[in-house]
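Student: Here's the letter readout for the chains.
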Amino acid sequence: MSTVLEQEPQAVPPAPESRRNYLNAAFGVKSWLLTTDHKRIAILYLASVTFMFFLGGAAATLIRLNLMTPQGDLVTADTYNKLFTMHGVIMVWFFLVPVIPNVLGNFFLPMMIGARDLALPKINLASWYVFMAGAAFTLWAILAGGVDTGWTFYTPFSSKSSHTNVIPTLIGIVISGFSSIFTGLNFVVTVHRMRAPGMTWGRLPLFIWSLYATSVILLLATPVLAIALTLVMVERFFQIGIFDPALGGDPLLFQHLFWFYSHPVVYVMVLPGMGIVSEIITCYSRKTIFGYQFVALASIAIAVLGFLVWAHHMFVAGQSVYSAMIFSALSYAVAIPSAIKVFNWTATLYKGSISLQTPMLFALGFIALFTIGGVTGLMLAALGVDMHVHDTYFIIAHFHFIMVGGSVMAYMGGLHYWWPKMTGRLYPEGWAKVAAMLIFFGFILTFLPQFVLGYLGMPRRYHAYPPKYQVLNAMSSAGASILAVGYLFPFTYLLWSLGYGKRSGPNPWKATGLEWQTPSPPPTDNFETTPIVTTGPYNYLQQALTDVEENEIGDQLRAPGPPV
Amino acid sequence: MATNSGLLAHQFDDLEQQRDTELLSMWLFLATELLIFGGLFTGYAAYRYAYPNDFEAASRHLNVLIGAINTIVLLSSSLTMALAVHATHKNRQNMLVACLALTALLGTVFMILKGFEYYIDYREDLVPWTSHFRAEEWINPGQIALFLLFYYVMTGLHAIHLTVGIGLMLWLTIQARRGRYSPEHYIPVEVIGLYWHFVDIVWIFLLPLLYLIGTHSPGDLHF
Amino acid sequence: MEQRTVLQATYYAVFAALIALTLLTVGISFVNLGEWHSAVGLAIASAKAVLVALFFMHLLHSPRLIWLVVAAGFLWLAIMMGGMLADYMTRGWLTYG
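Same order as they appear, the protein sequences are chains A, B and C. Using the numbering used here, the first residue of the first sequence is number 1, and each one after it goes up by one. Using the numbering used here, the first residue of the second sequence is number 1, and each one after it goes up by one. Using the numbering used here, the first residue of the third sequence is number 1, and each one after it goes up by one.
Calculated directly from the structure, the hints in this document are not laboratory data. In this text the structure is predicted, and so the values were computed from the model without any measurement. Don't be surprised by glycine CBs; every beta carbon is placed ideally from N, CA and C. Treat each hint with caution, since some may be false.
[Claimed, not checked] Derived, one-sided and incomplete: chain A residues facing chain C with beta-carbon distance under 10 angstroms:
(1) L219
(2) T392
(3) I395
(4) I396
[To be verified] Take a look, some chain A residues computed to stay more than 12 angstroms from chain B by CB distance:
(5) F137
(6) S162
(7) L257
(8) F260
Take the sequences, apply the hints, and build the full model.
Tutor: Shown next, in the form of structure tokens:
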């Protein structure tokens with residue numbers, strides 16, 4: 001059945017110059033740096049995290065270039081240690097954690113619930129400044145010589161032996177943690193208190209459910225990271241040992257505190273992406289989500305269960321065996337809600353009216369790659385398997401499938417999906433499809449060989465390796481170069497579209513959702529009048545029936561009879 | 001419905017929504033603070049479980065008299081804080097200013113006593129990372145140092161929070177003297193009061209955990 | 001919504017109870033309770049904390065959502081402490097191989 005979406009979305013004649021939106025409401029640097037408009041703050045974050053993404057990507061480029069040869073002769077071992085630390089620190093705390101919540105969440109959470117802004121706009125702006133302060137410390141630490149502890153900062157190396165800029169880096173990370181806490185607080189309060197009339201919890205879009213679950217994690221987990229890293233700084237600065245075995249201290253105490261945050265934070269990184277996938281899958285299947293309640297509650301279940309599995313990162317570290325067994329069992333359990341989501345997305349696609357626009361390509365890619373990553377996670381939950389593949393490339397492949405194949409793909413999908421709304425411009429669909437293909441296939445070539453490498457025994461965080469691993473490493477590096485080109489495509493054409501892209505109307509995808517009921521780009525207060533919500537989300541069937549009624553096709557479908 | 005007397009921020013529909021939001025925000029923030037201190041308490045609990053005798057021995061050397069006095073000082077400051085919120089609701093401006101100022105004063109008294117206590121700890125050679133620590137005096141100096149480290153970090157973090165609280169209290173006092181608070185505009189007092197009570201609750205737990213692990217003798221009551 | 005205001009007298013009564021409990025906890029530390037000092041101390045501290053929360057912080061008259069936030073905070077603290085102490089307390093029990 002043909003749908004409107006199979007053609008290019010209709011371009012719209014240029015809007016009258018006088019139509020005010022959030023972009024032209026005020027001009028000048030001050031109006032941006034002192035804004036409290038959630039949409040402008042989202043753009044500020046977009047600029048910052050994009051910069052950090054390419055910085056982290058530069059580190060990854062050097063890593064993969066170094067690993068082309070077994071001798072690893074591009075950089076020294078010390079420099080290599082600094083590179084993978086920089087890559088991890090930047091990508092985790094300064095890209096993956098903030099990107100979807102602080103760019104797409106900031107922009108669309110208020111709009112999707114029918115609010116004028118977040119509950120605490122000044123805290124929102126403060127969160128960006130705090131983020132920038134944290135980034136400044138960390139970047140200074142990197143430029144002033146780097147850090148070589150790995151993003152996990154295990155003691156006692158980080159607290160005693162490492163001769164690199166550990167303390168400034170940790171200060172930067174702790175500061176950026178407060179940015180996360182502010183954001184989480186703002187989102188939770190906004191969803192509780194700022195929903196438009198008629199927007200009950202059962203009518204919230206699934207992106208909101210996932211942002212809410214993410215925010216709960218941010219609130220409860222980030223403080224523990226702050227204390228863990230602060231104790232490392234205390235130990236390093238005062239030269240006395242909390243995690244020092246010579247003083248009767250336990251290095252595992254750090255690992256417990258660190259992973260109590262760092263496991264839930266991986267759900268912070270993936271849950272918002274899952275929310276985006278729900279939005280995209282429904283729109284481009286023209287169907288409501290299968291099992292709305294299950295998907296919504298699965299987000300909460302992931303958030304809660306995600307707090308119960310942290311010690312599966314410590315199976316080989318020396319914790320008690322009983323403890324390891326319990327965490328292993330719980331780690332199997334946490335896969336269940338994620339699997340429920342994958343089943344429900346698949347059921348949503350079934351007999352849907354699918355159109356393969358770029359956001360849909362990214363969403364489908366997410367489902368495929370996240371599933372592979374998740375299933376390999378189940379393999380790792382088994383103590384016997386983890387004993388062998390811990391600290392190998394198997395682990396690296398596993399989490400990159402989730403983080404890059406999952407989260408980054410979802411972010412790309414969401415960025416494309418909502419780009420017309422944010423900017424009033426359409427991106428070039430042809431180039432975007434090419435980019436999606438490059439990213440998808442480049443990703444697979446980069447990371448699939450790494451599963452094999454890990455299984456064959458190649459350890460992680462080594463700058464050189466035995467020659468037998470070279471073929472797989474070269475494949476991986478080749479894939480990385482394709483992936484890099486793939487990411488440069490949207491960076492280029494999205495910027496290009498700002499000046500030269502076709503203008504977009506309010507709802508180029510004919511999607512449901514309050515954010516599509518306003519002009520593109522939206523006015524500063526989002527809505528002319530506060531919307532009143534009367535239906536649930538994703539009411540594509542009702543919308544299709546209304547469409548049929550309203551156009552001539554409806555007349556032709558009716559049985560011939562006397563003229564009405 | 002409350003009237004908009006210049007207090008209503010543009011993202012809210014009415015004052016009740018605004019007040020509910022601000023209260024919820026502070027409670028959520030306090031939940032995060034619970035987890036920050038909780039991380040420290042957990043680490044402390046782990047080592048306490050591993051080294052019960054050393055922790056008890058070290059605890060006996062802390063100054064329980066100052067600890068007890070400080071507890072009473074802080075509890076009194078919570079009383080005056082609660083009375084300040086009460087005064088705001090009843091529009092008793094003089095009582096409000098007095099109570100806020102008294103809360104700030106009691107907090108400062110705590111800090112002074114704490115500083116004095118740190119000096120006494122220094123004098124009694126209880127500072128492991130300096131020369132003021134006699135390792136030969138203890139069976140397991142490493143474990144003793146571990147206890148003392150947690151003592152300084154936990155009370156130190158508490159003191160930092162209290163200092164921020166005193167600063168906020170002084171700001172509230174100045175604003176209250178200008179008559180800014182009333183039965184319509186009471187949320188800043190209430191919200192900062194919540195923070196103040198939380199800092200008090202942390203100290204309520206620090207007292208038994210740090211000072212009262214073992215059995216004291218009357219000779220322990222001294223400055 | 002307007003919260004029911006607490007009477008001023010209630011604040012004084014709660015304060016008196018808090019002081020009494022403080023004197024109790026300090027006083028009882030001079031009695032030889034052996035290994036029970038911590039349990040008793042924590043129990044008394046919990047009672048004091050509950051009084052401060054319910055009356056000084058107005059938790060008693062606060063909406064259910066606030067109760068949920070407080071409960072969640074303590075639950076997560078329990079998860080963290082439980083999970084970590086479970087490791088420490090069972091370290092010697094079983095070994096690999």
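Student: Compare the structure with each hint and give your call.
Tutor: Tested hints:
1. L219: holds (9 angstroms)
2. T392: violated (19 angstroms)
3. I395: violated (20 angstroms)
4. I396: violated (25 angstroms)
5. F137: A:F137 clear of chain B: closest Cβ-Cβ about 19 angstroms, beyond 12 angstroms.
6. S162: It holds; A:S162 is separated from chain B by about 19 angstroms at its closest Cβ, greater than 12 angstroms.
7. L257: The assertion about A:L257 is violated, with a minimum of 6 angstroms to chain B.
8. F260: Violated, since 8 angstroms does not exceed 12 angstroms.
When held up to the earlier numbered hints, the structure conflicts with 2, 3, 4, 7, 8 and fits the remainder.
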